[in-house]
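**Q** So the chains spell out like this:
2 protein chains.
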Amino acid sequence: MEYRVSAPDVLRDPLAVPEKLLMGPGPSNAPPRVLEAMARPILGHLHPETLKIMDDIKAGVRYLFQTNNAATFCLSASGHGGMEATLCNLLEDGDVVLIGHTGHWGDRAADMATRYGADVRLVRASQGSSLALPEIRRAIETHRPSVLFLTQGESSTGVRQGLEGVGALCRAHDCLLVVDTVASLGGTPFHMDAWEVDAAYTGSQKVLGAPPGITPISFNHRAVERYRRRHTKVKVYYWDMFLVGDYWGCFGRPRIYHHTISSTLLYGLREAIAMACEESLPSLIARHQDCAKRLHDGLRAMGLELYAQERDRLPTVTTIHVPAGLDWLQVSQYAMKTYLVEISGGLGPTAGQVFRIGLMGQNATSERVDRVLQVFRDSIKAVKPDFAFPRSASKM
Amino acid sequence: MEYRVSAPDVLRDPLAVPEKLLMGPGPSNAPPRVLEAMARPILGHLHPETLKIMDDIKAGVRYLFQTNNAATFCLSASGHGGMEATLCNLLEDGDVVLIGHTGHWGDRAADMATRYGADVRLVRASQGSSLALPEIRRAIETHRPSVLFLTQGESSTGVRQGLEGVGALCRAHDCLLVVDTVASLGGTPFHMDAWEVDAAYTGSQKVLGAPPGITPISFNHRAVERYRRRHTKVKVYYWDMFLVGDYWGCFGRPRIYHHTISSTLLYGLREAIAMACEESLPSLIARHQDCAKRLHDGLRAMGLELYAQERDRLPTVTTIHVPAGLDWLQVSQYAMKTYLVEISGGLGPTAGQVFRIGLMGQNATSERVDRVLQVFRDSIKAVKPDFAFPRSASKM
Numbered sequence: 001m002e003y004r005v006s007a008p009d010v011l012r013d014p015l016a017v018p019e020k021l022l023m024g025p026g027p028s029n030a031p032p033r034v035l036e037a038m039a040r041p042i043l044g045h046l047h048p049e050t051l052k053i054m055d056d057i058k059a060g061v062r063y064l065f066q067t068n069n070a071a072t073f074c075l076s077a078s079g080h081g082g083m084e085a086t087l088c089n090l091l092e093d094g095d096v097v098l099i100g101h102t103g104h105w106g107d108r109a110a111d112m113a114t115r116y117g118a119d120v121r122l123v124r125a126s127q128g129s130s131l132a133l134p135e136i137r138r139a140i141e142t143h144r145p146s147v148l149f150l151t152q153g154e155s156s157t158g159v160r161q162g163l164e165g166v167g168a169l170c171r172a173h174d175c176l177l178v179v180d181t182v183a184s185l186g187g188t189p190f191h192m193d194a195w196e197v198d199a200a201y202t203g204s205q206k207v208l209g210a211p212p213g214i215t216p217i218s219f220n221h222r223a224v225e226r227y228r229r230r231h232t233k234v235k236v237y238y239w240d241m242f243l244v245g246d247y248w249g250c251f252g253r254p255r256i257y258h259h260t261i262s263s264t265l266l267y268g269l270r271e272a273i274a275m276a277c278e279e280s281l282p283s284l285i286a287r288h289q290d291c292a293k294r295l296h297d298g299l300r301a302m303g304l305e306l307y308a309q310e311r312d313r314l315p316t317v318t319t320i321h322v323p324a325g326l327d328w329l330q331v332s333q334y335a336m337k338t339y340l341v342e343i344s345g346g347l348g349p350t351a352g353q354v355f356r357i358g359l360m361g362q363n364a365t366s367e368r369v370d371r372v373l374q375v376f377r378d379s380i381k382a383v384k385p386d387f388a389f390p391r392s393a394s395k396m
Numbered sequence: 001m002e003y004r005v006s007a008p009d010v011l012r013d014p015l016a017v018p019e020k021l022l023m024g025p026g027p028s029n030a031p032p033r034v035l036e037a038m039a040r041p042i043l044g045h046l047h048p049e050t051l052k053i054m055d056d057i058k059a060g061v062r063y064l065f066q067t068n069n070a071a072t073f074c075l076s077a078s079g080h081g082g083m084e085a086t087l088c089n090l091l092e093d094g095d096v097v098l099i100g101h102t103g104h105w106g107d108r109a110a111d112m113a114t115r116y117g118a119d120v121r122l123v124r125a126s127q128g129s130s131l132a133l134p135e136i137r138r139a140i141e142t143h144r145p146s147v148l149f150l151t152q153g154e155s156s157t158g159v160r161q162g163l164e165g166v167g168a169l170c171r172a173h174d175c176l177l178v179v180d181t182v183a184s185l186g187g188t189p190f191h192m193d194a195w196e197v198d199a200a201y202t203g204s205q206k207v208l209g210a211p212p213g214i215t216p217i218s219f220n221h222r223a224v225e226r227y228r229r230r231h232t233k234v235k236v237y238y239w240d241m242f243l244v245g246d247y248w249g250c251f252g253r254p255r256i257y258h259h260t261i262s263s264t265l266l267y268g269l270r271e272a273i274a275m276a277c278e279e280s281l282p283s284l285i286a287r288h289q290d291c292a293k294r295l296h297d298g299l300r301a302m303g304l305e306l307y308a309q310e311r312d313r314l315p316t317v318t319t320i321h322v323p324a325g326l327d328w329l330q331v332s333q334y335a336m337k338t339y340l341v342e343i344s345g346g347l348g349p350t351a352g353q354v355f356r357i358g359l360m361g362q363n364a365t366s367e368r369v370d371r372v373l374q375v376f377r378d379s380i381k382a383v384k385p386d387f388a389f390p391r392s393a394s395k396m
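Just so you know, the protein sequences line up as chains A and F, in that order. Just so you know, the first sequence maps onto residues 1 to 396 in the UniProt record's numbering. Just so you know, the second sequence maps onto residues 1 to 396 in the UniProt record's numbering.
Fair warning: there could be bad hints in the mix.
Put simply, identical chains are the same to the list, so a pair is met inside one copy or across any two.
[To be verified] Calculated cross-link-like contacts (lysine-lysine; reagent style DSSO-like; alpha-carbon spacing at most 27 Å):
#1 K52 x K337
#2 K20 x K52
#3 K337 x K233
Simulated from the structure, these hints should not be mistaken for laboratory data. Since the model is a prediction, treat every value here as computed from it, not as a measurement.
This is chain A alone, in the form it adopts within the complex (with noise of 0.2 Å):
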């Protein structure tokens, strides 16, 4: 048989990765300890050290989501991953699921949700802001969800979902939680077990600093029993919660084959929770916290307005208006072109209304704050050179 398709030409050129600082709403920078752990030789899917390298990832995963779950692994896959073995997992055809909505990711999970075959309902919180718990629990008794699903970190609005209360009012309606913590864990406080949170799941390209691709994800004993009590399979077998967490070790059974995981992926992973667990999560929330809290001074100095309410605004990911007059992607092509430093654009419902800043793991740090306002502001200079700012903020 001959060969029709010659091999292409673009492969002969050597691969090219500018060094870039990515401030962004991730990933973020991955610190030279993960990068370098990626490089080690690959190991089997089923061999002792790649389970003991997997048995690591799990503990720090529990201290990372606060909790004593079993059912604590990763699946291999991005974040969406994440999103839809939560759903996947805890819901059947015709079961209602109630999505609070504070941006992009509302849609999502509800896209999600539907192509499950679920009876998906949203309740929407005003622009900015965050769904308080009254508007919560008259959700919940108009709609009577069997699953409750809410984004910690919004990170197309910078908005902070509040999370105090909500587990024990779903156990009063027995409802199950799910959260989002993609954008959030590491960055602002997530306690799984002492706030009632059934499922959760979260990123590992954000405050953590690995690599995208492999996605931490937990389930509590109520969801566990969910998934027991279930009629019918789960849709997906690369989901599946008993399939996967066998695997990962999770319910005292032998560890059987699901999938080939990807060693590289776990080295990274490992190493930046590693480095996490050593800078304690309360260090690591405060280090954002206060980072998050200097952009904003230095936005706000600048005459710039924040999108989001500043009680329910995300450290990780700041949202800002876009001013009249400006256009967004051409400062956001300036500063990466002049300066490989990395801000965006909206996402979703805020496309074109904001920028978005991100500060996560290594990129929290006092001198990057510093870094990513200078750039903003030269950039925003060189492509509206007339733009108005404060005077404070031309004296930066």
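Following the hints, put chain F in place on chain A, whose structure we already have.
**A** Just chain F now, kept in the frame of chain A:
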């Protein structure tokens, strides 16, 4: 709020990754160029450099599959993702799928397709054999499937499924042909366009020697058309062909965010594909076939019996009957402990019945064939000193 779960001590130990020779059914050892690439800095999922690397990979995957399909891209998941994505994009509730069963992967595909609501039918090959064209024809005429699923390289049994003529048969019966090439691509010829295969996927961590976690996949115009005529949305957002394909720039529409791809895995895969292109497919395949012959000759000289029929033998994974009275697990464990060489046992229907030796990528060289033969012989001898090798083998 009090922090009740402490940071685990295990994460204070340094990351331990031994260097092993991976002569099982995969993953194989990644070459240094691939490993070094993965220590490069993280890039954002929509940065132009990332999109360029994705374009390079697309071009390389088209060459590897020997296809001009526009809808050629990768999934951010292990090879299982390829199986899930082909099935759930091309099947709707009640559709008949016919699965050619030559081992474990047929069972896995049946499990997945059942979860997606398909009407699953199996046609089983006899032990150690592939399905002949007349058997496939009869099964198609009997079941009238809308999708036929075949595994070209059945890694559990070491059987290679012939594909020539199957595509035409499927077209004549308005059936789509899906082929799993996870364990075969690059080790045995595969001509996606010439053989009229409608959807195919492969593994990154086998012949290519990239890390697991990213899965090349391709759909032709017939598969895309089937997607277009769906009555219902694809059940899984993460596997949705049009959403992932748009992110990969396959359909001439603007590239939009679908998920956060792992730049690390892209770097590794790009370099692995570049190396395959530099060697060329015909040379790569010839190298695997030559090494397989050397391995098979060596095993026969040891008096061992191969599991797969000679005409159906896969070059990349060789299955060997476990001789009576020999404990396969002891042999495998001895080889690993003493020599850091991986020799695997069976999987699914061959569990406990066979050894599996893989020759993939960098491990398909005469030196490594001789090494694994030596280690295999010595391990058998160590575990069972009275094992009766033929005279020719004891001279090795």
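**Q** Now, for every hint given, state plainly whether the structure supports it.
**A** Structure-based check of each hint:
no.: 1; hint: K52 x K337; verdict: between (43 Å within a copy, 16 Å between copies)
no.: 2; hint: K20 x K52; verdict: between (33 Å within a copy, 16 Å between copies)
no.: 3; hint: K337 x K233; verdict: neither (50 Å within a copy, 39 Å between copies)
Checked against the numbered hints given earlier, the structure breaks only hint 3 and satisfies all the rest.
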